[in-house]
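Taken in sequence, the protein lines are chains A and B. Numbering follows the numbering used here, with no gaps: position 166 of the first sequence is 166. Quick note, the numbering used here runs 269 ahead of the 1-based positions in the second sequence.
Please keep in mind that the hints were generated in silico from the structure rather than gathered at the bench. One or more of the hints may lead you astray.
Stated by the list, open to error - One-sided excerpt, in silico: chain B residues whose CB lies under 7 Å from chain A:
1) F289
2) L301
3) S382
4) V385
5) A390
6) L538
7) V540
What the hints assert, rightly or not - Computed cross-link-like contacts, SDA-like style, restricted to lysine to any residue with a CA-CA straight-line distance of at most 20 Å:
8) K313(B) with E132(A)
9) K12(A) with F335(B)
10) K12(A) with S466(B)
11) K369(B) with L216(A)
12) K235(A) with G403(B)
13) K12(A) with R367(B)
14) K313(B) with L102(A)
15) K235(A) with T11(A)
All of these numbers come straight from a predicted model, not from anything done at the bench. C-beta: ideal position from N, C-alpha, C; glycine also.
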Amino acid sequence: MYAQASNERLTKWLMGAILVVAYAFLYMPIVHILFASLSSRPNFPYPPEFDYGSYIRLYTNTVYQDAFLNSLIIATCTSILSTVLGFLATVGVLRFGGRNALLYAAFFAGPLFVSEILLGISSMSLYYLVFELQGNMVTAIIANSVHCFSFCFLIMAALLYRYDWRMNEAAVVCGASPARAFYEVMLPLTWSGILGSLIVAFVLSLNGLDISFYLLGATPTMPSVAWGALRYGVKPELYALSSIINILVFAAIAVLYLVARSDRKQQVE
Amino acid sequence: MSEAENRLNRRLFLHIPTVFLVIFFVLPLIALVVLSFWQTENYKIVREWTAMNYVTLATEPAYFIFFIRSLFMAIFVSVFSVVVSWPIAFFIVRYGGRYKLILSLLLAVPFLSGEVLRLIALQGMLGPTGLVNGVLLKLGAAPLRFIMYSNSATFIALVYLYLPMVVTTVYLSLLNFDFRLASAASACGANRFRIFSEIVWPLNLSGTIVGFLLCFIPTLSAALAPRFLGGPNGVLYGMSIAQQFGESGTWALGAAMGVVLFLFSMLVLGVFSLGIDLRRTGFTGMGRQ
Chain A
1 MYAQASNERL TKWLMGAILV VAYAFLYMPI VHILFASLSS RPNFPYPPEF DYGSYIRLYT
61 NTVYQDAFLN SLIIATCTSI LSTVLGFLAT VGVLRFGGRN ALLYAAFFAG PLFVSEILLG
121 ISSMSLYYLV FELQGNMVTA IIANSVHCFS FCFLIMAALL YRYDWRMNEA AVVCGASPAR
181 AFYEVMLPLT WSGILGSLIV AFVLSLNGLD ISFYLLGATP TMPSVAWGAL RYGVKPELYA
241 LSSIINILVF AAIAVLYLVA RSDRKQQVE
Chain B
270 MSEAENRLNR RLFLHIPTVF LVIFFVLPLI ALVVLSFWQT ENYKIVREWT AMNYVTLATE
330 PAYFIFFIRS LFMAIFVSVF SVVVSWPIAF FIVRYGGRYK LILSLLLAVP FLSGEVLRLI
390 ALQGMLGPTG LVNGVLLKLG AAPLRFIMYS NSATFIALVY LYLPMVVTTV YLSLLNFDFR
450 LASAASACGA NRFRIFSEIV WPLNLSGTIV GFLLCFIPTL SAALAPRFLG GPNGVLYGMS
510 IAQQFGESGT WALGAAMGVV LFLFSMLVLG VFSLGIDLRR TGFTGMGRQ
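Work out the full structure: start from the sequences and follow the hints.
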């Protein structure tokens, strides 16, 4: 009995050690480039110093500004479009799916299993080569939405499956219109899932290269400019850009965490 | 709810996303197939039906080598990620306690920051002037050659890119797993190995397979990581596709390569999905309805 208990403790510590190593592996590059972006010696920035030169060069570089604006437009439109579609799909599968619910769920998760490069080149084939359309923001937004749609669908499905649909019906029985039932009953109870889906889709499409790359032609986006700059070697400006995005993503995840935690508290109450 | 209303709602909620996917997801894939049976000459499309592209793919050994290299890379990366994911996910679910949510969300930060930015960060670690070799040089040791511009660098990069995805999937599966089943088996006298091999593993197999596939399929078509980190002998299949659509302008050949990649992915997906019960993946949370 004693041997088994110590054995179990050993397994626990071993798993904990793997977890620590994995998180270190995932975060060390991010922290390293944060230091590198703040240093005048980006290759070996230890001990850390605080030099904002690379951030100022990034700020004054107009190429990055245009690209960032384009990426922002794509990400905003993509997150809204894919969240709306994902919400429809989630409600459809969970409430109206009936016997075919799993079939629909598998189809809606399908884009997840087709790699981004295939999505990019196949959409490009359709628009450019078959219809001979010039690449524009709309096609890029749509192609990004296909990819993000699956993520939105899964996030909202995972958070909505506990939702009690009888609440909507109760509201309608009490005389509310379906739209009012949605705004006053459903939205307050499910907004954490919707917010999570908006954030994930926004960040995914902000940073994705493959899909936008094949659909935009010469229009620069943030990842494509970063990719282009990479060919001429990594510069501290890229480290600075990377660090800014990482901090933004971190902030978005922190918001998600706070929302999820307050949600859980509400449930307990 | 009346029957007619129900049908209207079904149409609204299920058919709009379905139509969207058919037009913008299925139709492009069909266009890719069509394009693969055409030809490109001097950066122009020639709309004549021919199977030349597939003949080129079958007879040119380079493409076969790229494909096999990608296949092995994808298998190694996915198996390694699954093996590492299990202890991490298990630890978070069993011992994470109130930090479960933080630990699982922390996985999302590296995942969401995008492929290009993560590759830039990795280059800062692995490159000739990166942190690892910088530390080694400071210590007076020789730099590690195998992490610069080689297939092992690509391996590390792909694990870095897709490990968060696999851990999250296995984590969600274990989170929805009822650990009282394991306690019950223990009470009935099963040892820990048997509990794992007969209860925990089989009941989470579906989630694990989904995680494996979500790593396998993108790594099979990886284009950016090998291009940036793979070096001269590191050309992978996805990278070759990207070149057909980029520099060389042989779109039709690239489309044929894409079709081959798609069919192979579907084959793998089909074979593995025999082992998947979506209700048990924990990914959709549908098992608890």
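Right, here's what the structure says about each hint:
With 7 Å as the threshold, the beta carbon of F289(B) comes within range of chain A, its nearest partner Cβ sitting at about 6 Å, so the hint holds. A hinted interface residue such as L301(B) counts as satisfied when its beta carbon comes closer than 7 Å to some beta carbon of chain A; here the least separation is about 4 Å, so the hint holds. Interface hint status for S382(B): upheld, as the beta-carbon distance to the closest one in chain A is roughly 5 Å, under 7 Å. For V385(B), the interface hint holds, since its Cβ comes within 7 Å of a Cβ in chain A; the closest pair sits about 5 Å apart.
Contact between A390(B) and chain A, as hinted, is supported at the beta carbon level, the nearest pair being about 4 Å apart and thus within 7 Å. Here the hint on L538(B) is kept, as its CB sits about 6 Å from the closest CB of chain A, short of 7 Å. Checking V540(B) against chain A: minimum C-beta separation of about 13 Å lies over 7 Å; hint violated. Taken as a hint, the K313(B) and E132(A) pair is honoured in the structure, with Cα atoms around 12 Å apart against an allowance of 20 Å.
Distance hint between K12(A) and F335(B) is unfulfilled; the C-alpha atoms sit about 41 Å from each other, more than 20 Å. Annotation: proposed proximity of K12(A) to S466(B) holds, straight-line Cα distance about 18 Å (limit 20 Å). Distance check on the hinted pair: K369(B) and L216(A) sit about 40 Å apart at the alpha-carbon level, beyond 20 Å; violated. Pair hint K235(A) plus G403(B) holds up; C-alpha atoms about 17 Å apart against a cutoff of 20 Å.
Among the hinted pairs, K12(A) with R367(B) is consistent with the structure: their alpha-carbon atoms are about 17 Å apart, no more than 20 Å. At most 20 Å may separate the alpha-carbon atoms for a hinted pair to count; K313(B) and L102(A) exceed this at roughly 43 Å. A distance of roughly 43 Å separates the Cα atoms of K235(A) and T11(A); the hinted pair therefore is violated under the 20 Å criterion.
When each numbered hint is compared with the structure, violations occur for hints 7, 9, 11, 14 and 15.
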